[in-house]
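There are 6 protein chains.
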Amino acid sequence: MRIDGRENDQLRNVQLEAGYIKHPEGSVLISFGDTKVICSATIEDRVPPFMRNQGKGWVTAEYSMLPRATESRNIREAAKGKLTGRTMEIQRLIGRALRSTVDLEAMGERTVWIDCDVIQADGGTRTASVTGAFVAMCLAFQKGMDEKMFKTFPVTDYLAAISVGVDTEEGAILDLNYAEDSKADVDMNVIMTGSGEFVELQGTGEEATFSRSQLNEMLDLAEKGITELFQIQKETLGETAEKLQTPEPQEEKSE
Amino acid sequence: MRIDGRENDQLRNVQLEAGYIKHPEGSVLISFGDTKVICSATIEDRVPPFMRNQGKGWVTAEYSMLPRATESRNIREAAKGKLTGRTMEIQRLIGRALRSTVDLEAMGERTVWIDCDVIQADGGTRTASVTGAFVAMCLAFQKGMDEKMFKTFPVTDYLAAISVGVDTEEGAILDLNYAEDSKADVDMNVIMTGSGEFVELQGTGEEATFSRSQLNEMLDLAEKGITELFQIQKETLGETAEKLQTPEPQEEKSE
Amino acid sequence: MRIDGRENDQLRNVQLEAGYIKHPEGSVLISFGDTKVICSATIEDRVPPFMRNQGKGWVTAEYSMLPRATESRNIREAAKGKLTGRTMEIQRLIGRALRSTVDLEAMGERTVWIDCDVIQADGGTRTASVTGAFVAMCLAFQKGMDEKMFKTFPVTDYLAAISVGVDTEEGAILDLNYAEDSKADVDMNVIMTGSGEFVELQGTGEEATFSRSQLNEMLDLAEKGITELFQIQKETLGETAEKLQTPEPQEEKSE
Amino acid sequence: MRIDGRENDQLRNVQLEAGYIKHPEGSVLISFGDTKVICSATIEDRVPPFMRNQGKGWVTAEYSMLPRATESRNIREAAKGKLTGRTMEIQRLIGRALRSTVDLEAMGERTVWIDCDVIQADGGTRTASVTGAFVAMCLAFQKGMDEKMFKTFPVTDYLAAISVGVDTEEGAILDLNYAEDSKADVDMNVIMTGSGEFVELQGTGEEATFSRSQLNEMLDLAEKGITELFQIQKETLGETAEKLQTPEPQEEKSE
Amino acid sequence: MRIDGRENDQLRNVQLEAGYIKHPEGSVLISFGDTKVICSATIEDRVPPFMRNQGKGWVTAEYSMLPRATESRNIREAAKGKLTGRTMEIQRLIGRALRSTVDLEAMGERTVWIDCDVIQADGGTRTASVTGAFVAMCLAFQKGMDEKMFKTFPVTDYLAAISVGVDTEEGAILDLNYAEDSKADVDMNVIMTGSGEFVELQGTGEEATFSRSQLNEMLDLAEKGITELFQIQKETLGETAEKLQTPEPQEEKSE
Amino acid sequence: MRIDGRENDQLRNVQLEAGYIKHPEGSVLISFGDTKVICSATIEDRVPPFMRNQGKGWVTAEYSMLPRATESRNIREAAKGKLTGRTMEIQRLIGRALRSTVDLEAMGERTVWIDCDVIQADGGTRTASVTGAFVAMCLAFQKGMDEKMFKTFPVTDYLAAISVGVDTEEGAILDLNYAEDSKADVDMNVIMTGSGEFVELQGTGEEATFSRSQLNEMLDLAEKGITELFQIQKETLGETAEKLQTPEPQEEKSE
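So the protein lines, in turn, are chains X, W, F, D, V and R. According to the UniProt record's numbering, the residues represented by the first sequence are 1 to 255, in order. According to the UniProt record's numbering, the residues represented by the second sequence are 1 to 255, in order. According to the UniProt record's numbering, the residues represented by the third sequence are 1 to 255, in order. According to the UniProt record's numbering, the residues represented by the fourth sequence are 1 to 255, in order. According to the UniProt record's numbering, the residues represented by the fifth sequence are 1 to 255, in order. According to the UniProt record's numbering, the residues represented by the sixth sequence are 1 to 255, in order.
Be a bit skeptical, because a hint or two may be false.
Any copy will do: because identical chains look the same in the list, a pair fits if it lies in one copy or spans two.
[As the list claims (entries may be wrong)] Taking lysine-lysine and the DSS-like style, the derived pairs with C-alpha atoms no more than 30 angstroms apart in a straight line are:
1. Lys80 <-> Lys56
2. Lys243 <-> Lys56
3. Lys224 <-> Lys234
4. Lys243 <-> Lys22
5. Lys143 <-> Lys22
Source of the hints: derived by calculation from the structure; they are not laboratory data.
Based on the sequences and whatever the hints tell you, model everything.
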């Protein structure tokens, strides 16, 4: 039995609250259990220098945690004057993942800025961020559609992320909370599209390793969890969801 | 009539939600209308180098805004690699104000870190921060009392802050929202204690000036508003409020 | 009796030496007792990005102290790689105050850079800086007038600043030196125009508070001191002073 | 046929030159085709603060490229004053991977600093870095053994890394050079131990996705390539290799 | 004839005003013509980490220019967040030069901080800085002697610096002002001791070169100028000068 | 006898390997004994802002050492976030020296970026850098000539650098290795052109001084060593050398 009584293949309680803050073009508060992230999407009418004059848009992400989102207080990166490597990794990951389901040409020369601010952390902040950021981005694009900014909806498929791991006692488990993450041998983040393809796969076994059969068990769990996340995203998006192809059940897709 | 229909001496709707995030020793979400700030208080078992070996504690504050707390997106200070002058001014102000009602000796050699993170901004973020931070700090000290960390409660008096200003059409007004702040000739922040004394007074009339009688009108409004804030703080603090002297009505104190 | 034998309402010996360094368009060495500040004004033929294409000018200020302007040596901000919060507060204050008496449209799209470099500090460096910077700026504008840069003199009124405070033994006192500032309960900086209006009011009582009647006593002292500073500015400015309306005596203006 | 005529499952020419620079405790020049990296290992007699007093050692890595290691010149990170996110990701990856095969307790309270400096880049710099750094670290530990610094050899298993990818025309390919990397849909870095377990798996399909069967094809190629790298490492290590368990052929390990 | 009417071997008017600012242990205002530098010396009761526990002292220097010390305004290094290469070169030069005539063991474990702040620049700021800093340092050591801080006076010899150059029309010239420096082909800074030895020699001919005979002409001028500077230093030092061996005339020392 | 058995006027073994890395327009690996530096030259089709619209080119240099180029490991400047004063001095020196033999007008509005990366250090890294950078730059210009980028070869003369010093026991010595440099009283770097003129002369005697006759001895050695370096450069340049005037023997040029 897991620390919080869940089954090995069970997600925590996932909540998505659309329009959580009023200024951004799209915003959500996403909760994976006690992990809470404010995701907002801002549309800017220009692209970064390296993308200019290509008729395409760009999606970029920033990630941060409130100093006391965690059990002990972290020094602010603004006070340190630089981002940690962990933050850079996460924000690069979020941006890269979102771009995989965006039709950059349909965006025109615009940038979507994604801000993921963790207000409370209990494991899985990067997967909650990707999953919530996708919804915030869709809401912002919907607002752009309403204002005739785009001809076609610039998102081509659903996108969600979940963590999986291997625990010495429990075996492969889905959606690790902080306590589980701290004692797991392996930690893997999986990002998939509604059509059942992988976008990112990042598995690491610090001071531990994992076999190919453990990898396969983890991937099976991830597919199951992500399929459930797609349903929650769909409900939150409401009518906007119709602009996206309905994600098909993933189970039979795995070989 | 003010933009949002308020009387000149009327506060916006003020809400205080205690325990908003779970990890800090004390936390609140404070709202002054659409301005929302997460205030948290962390107790650390040491003091900064310049305070060591004096048997006294310290209170320090940090302030930040989410990039999209505002109408248009601000670049993160962590991304810029340095704090703006505005942020430094505000966090120095919050720390200085809180220290005026704290018995540093009763704290022992401990630091309280106050974090004020604005998740939505609509004017008055610094006054909401001071007012909310005071409550978060009291909650943290209450937790310390429960754990026998202190012999006496280290807070000596209530503390709250409000903005006042002069508008060409409306005259002196209380608790300016962003639209009012943008068109006001004068902006003043007032911080007072439960015993009716001033802690900070910061008035500025960029590209404008103000007379001594306008100053007096603004101070009258501020005293009225702060007295109301004390009642809201008291209700939020519940039993902890008993450890603080009940703030007396301020009206008769003004000359 | 005050530490240096002054009356409570008495300024220190104030000196203004125009043209102290040869390169700037305007420069002074100002002394408030042992506090000595080199103020220089540079006219640049462009404005910062946020002011472009508005047909208006800008005034901005920078402030610094030599490392050994003070009793013990301070680390250079250039060596630390960043400005302290105190420096940022002061330079923002100087710029904001000067702009309140400048007709930005009369400047055209030009920037005045004010540099206040404290070579010796004994309390009141920010008030000496504002008072000296005003004169340096007027001298620079006079040079601009001589060169047909402006059609009308871009300064609309006198501007000066002084500190006031409350000392437990002495009561309200004017123009605190460092020793007085260190033991005062309250420290307030007041900036006023020649027409007797307030531009900035910043009062703080770290680990202390002040009542409204103490505030009024301090403001009375400040008005007296600033009126004297206007006379010294007028004498230093010589013929340029004629372009400014003569500051009227302030006493009868207070309610 | 691949751009450079290789089979899909063929490594580039891999060279390892031990002792390439004279000062470090261990150093190699590693070449994966035209990709050339100087890897050095320094043993320091203390650990970072967060590891103190645990009786264990630490392994950390830094990565850099000469400005003109690439086709066009890159600005130095030292000139920019900060590391890029890419550099941080890579150096965190190298350190984490090496630690998975090191017995930190056998090291005592010492740090191994790994420096990977790319002098010429043609794809695969991070996998060449891991593979070369492992050998440099073993050489440094061998020197430590010779000097009686350790009781047992602190490395528990072989470690090597290779990239795999999916090309639209070629399908799954091993050890991508820069030209291949630029046009591949998917790029995956795999790090494995001599006993056939995974240490890190990082697959990404920017603006593309990959299926589970493509994942399996890539993993098969990676296992084959890494097995060949173990042989080259073994030959370079000479007698030191005897302190490590001989890596077994990996093919039959995959399920 | 030189721009300002001087002979080729003639110094500008050199002034040394001791005790220019009141807080430092030693301070001077030095003028080489219109070049004016405030030099101060601070004695600190500890040494930097790399000098600890050696029973010796250290001398280090910092150099800066006011933004408007020059014809056009320079951006402050504190605002840029880093020192320029030019500043670093100069402050390293000043510190190194001063240390050559200091008996570090006689200092005990103390640091002398030299601050050279150029308030007006007209060529030769680094040579004026070295020459003035030497006097400020001697004054600080004299104060230390008066307070029984040292057993023997820690300065072993006089030290002064001058610039020399080669001008296409004038030939070799001494003590270049800014206009001369801008058009000279070669610029050389020479630092010598009272006993006629070289401490530093830095000659550079950007976009020009110089022959060995031109070098010799410049060195002859430098020796003459430095001998005159020693006399001015001696007069300024007064009784302190007796603790230093009288500099002997240098002419006969040159080969 | 010197530490490594050389005569006082003898260079170490000097090697120049052209085309050491493949991407730059020009590159060499230069060795002065155990000191090894990769020098590369990049041609960029624009000039820095301060050189724009003058029809001239620019040459600039950057210098760095691998962390373990030295006996003990140095912290990377990229990790520290800023360049040391030593690095700035050296890279300014290299750029300035190279520009003295370049016809900037013949370059057109182009920049040559010189990168000197020390992979192994044993004294004389800056002189090896200048000497190698000159050859890398000539190779890059040769490539530009081949591509019709220039009408005339933009280099006007040979350029090389060597260190000389004074050792208490050995007297004046040429081309100091690290052990000699550490114990020498005086360290001087000399840069000369093929026509026997000085470009840079930087002599320093930290905690020591040197006489004019010692200076002359050192300059004689430097001229001899540099003449030998010109021959090695000429051999490496091959046909490109014909575009440069053959450096004449220098001995008779000294007075």
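Here is how each hint holds up against the structure:
1. With identical chains, the CA atoms of lysine 80 and lysine 56 are at most 30 angstroms apart between copies only, with a shortest distance of 26 angstroms across copies and 35 angstroms within one.
2. Taking CA atoms no more than 30 angstroms apart as the test, lysine 243 paired with lysine 56 passes inside one copy only; the shortest distance there is 20 angstroms, against 48 angstroms between copies.
3. Taking CA atoms no more than 30 angstroms apart as the test, lysine 224 paired with lysine 234 passes inside one copy only; the shortest distance there is 16 angstroms, against 42 angstroms between copies.
4. Within a single copy, lysine 243 and lysine 22 get their C-alpha atoms as close as 23 angstroms, which meets the 30 angstroms cut-off; across copies the closest is 38 angstroms, which misses it.
5. Proximity of lysine 143 and lysine 22 under a CA criterion of 30 angstroms is satisfied intra-copy only: 13 angstroms inside one chain copy versus 34 angstroms between copies.
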